[in-house]
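Engineer: This is what each chain is made of:
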Amino acid sequence: MVSLSARTVEWLVYTCLLGLIPVVARLLVWGIASKGVEPLAVSDLVAFGLVLHSANIQQVGRLGDTDKRWSAVHFGISIIFIVIYALLMFTTILPSANLNQASILNVSLFLCIVSFILSFVVYMRMQAEDRGSV
Amino acid sequence: MNADLAYYMERILIIAAPLTGLVGLAVAGWSAIRTRRRYYEEFMDRRRSRRD
Chain A
1 MVSLSARTVE
11 WLVYTCLLGL
21 IPVVARLLVW
31 GIASKGVEPL
41 AVSDLVAFGL
51 VLHSANIQQV
61 GRLGDTDKRW
71 SAVHFGISII
81 FIVIYALLMF
91 TTILPSANLN
101 QASILNVSLF
111 LCIVSFILSF
121 VVYMRMQAED
131 RGSV
Chain B
1001 MNADLAYYME
1011 RILIIAAPLT
1021 GLVGLAVAGW
1031 SAIRTRRRYY
1041 EEFMDRRRSR
1051 RD
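Line by line, the protein sequences give chains A and B. First residue of the first sequence: 1, per this note's numbering; consecutive thereafter. First residue of the second sequence: 1001, per this note's numbering; consecutive thereafter.
Interface residues of chain B toward chain A, partial, derived using beta-carbon atoms under 10 Å:
(1) Met1009
(2) Leu1013
(3) Gly1021
(4) Trp1030
(5) Ser1031
Keep in mind the hints are simulated off the structure, nothing from the lab. Backbone N, C-alpha and C fix where the C-beta goes; we use that ideal spot for every residue, glycine too.
Extracted from the complex, chain A is given alone in its bound form:
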């Protein structure tokens, strides 16, 4: 069984729950409202992804010179994800209705799940660094 350190619990509460506030708020409003509110929106998922990757960048920066290759790969992938999230955000700002909203929503959801896994892996590494062993 995976035992979670204080750092990982803090990540779950302060980063994930904080990032999920727009998603949870929308779900609550969707539950209360009779119509006119969608249960999921691209902008909420983008906010969640941006929160996760900004936390990742901060954590990867903390590692310093311990494992430069690992840090560089994670830093790079976080930047790429942030760029893709920015493009997704543009689609919500553009006033055109010709976009395939369902596809964009599915893609955002997939990216959010991958971001969560990546962030979890980063925090597991930090947990291992704190312990100094498996």
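Position chain B against the provided structure of chain A, taking the given hints into account.
Structural biologist: The following block gives chain B in isolation, referenced to the frame of chain A:
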């Protein structure tokens, strides 16, 4: 203009975003294996040195 921009952005996103997601999954797997291997080796080294 806006319609063109939206169309190209949608095309780019529908191709690039899933690819980025797959790359992200690959990086997550690589990273998890690397972390495991690195700390397992350190753990074994410490155990060996304690025995000696």
